[in-house]
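S.K.: Sequence:
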Amino acid sequence: MTLAKIVYASMTGNTEEIADIVAEAFENLDLDVEIDECTQVEAEDFEDADICVVATYTYGEGDLPDEIVDFYEDLQELDLSGKIFGVCGSGDTFYDQYCKSVDDFEAAFAKTGATRGADSVKVEMAAEEEDIENLEAFAKKIVAAAS
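Each residue of the sequence shown is one higher than the one before, counting from 388 in our numbering.
Treat the hints with caution; some may be incorrect.
To be verified - Computed spacing ranges between beta-carbons, pair by pair: (1) E448 to M388: 18 to 24 angstroms; (2) T399 to S534: 16 to 22 angstroms; (3) S468 to M512: 31 to 37 angstroms; (4) E511 to D466: 33 to 39 angstroms; (5) E511 to M388: 30 to 36 angstroms; (6) T389 to E520: 19 to 25 angstroms; (7) M388 to Y482: 16 to 22 angstroms; (8) E424 to M512: 16 to 22 angstroms.
To be clear, the hints were calculated from the coordinates, so they are not data collected in a lab.
Note that the coordinates shown come from a computational prediction; the quantities given were computed from them, not determined experimentally.
By construction, the Cβ of each residue, glycine as well, lies at the ideal position given by its N, Cα and C atoms.
Modelling step: build the complete structure from the supplied sequences, incorporating the hints.
M.R.: Dropping the structure here:
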């Protein structure tokens with residue numbers, strides 16, 4: 388069975404909720420799902436998954452959250468050829484660098500040789516109904532790319 392691994396960083400709970408929405412969408416598509424907070428896993432854990440997803444928030448003026456920096460750096464050293472990836476996250480349009488951490492992880496995954504399964508999803512603060520629909524569509528596209 389296809390294994391989807393989701394790693395997230397969340398300060399307020401918004402990004403954890405986003406990760407949970409994606410996890411539920413994967414489960415509804417009959418995937419095995421592992422979801423972990425970024426300080427509880429290593430980037431190498433993605434080597435055991437078929438689908439790799441990062442959900443992160445952007446801190447301040449476009450910074451990666453402190454707790455995910457090591458994971459981000461380690462990810463870029465991996466060879467994830469043959470894997471499908473996706474990135475989603477939350478941010479605040481008040482800042483010029485809206486959801487920049489999502490873009491940073493897109494670039495990090497590109498270095499691994501993994502294939503992007505769907506365009507990134509960026510959520511303004513907490514997921515609303517339209518965001519939930521976008522996240523569910525994101526999950527479906529990733530699963531289709533992995534098939």
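S.K.: Taking the numbered hints from earlier one at a time, note which ones the structure violates and give those numbers from smallest to largest.
M.R.: 1, 2, 7
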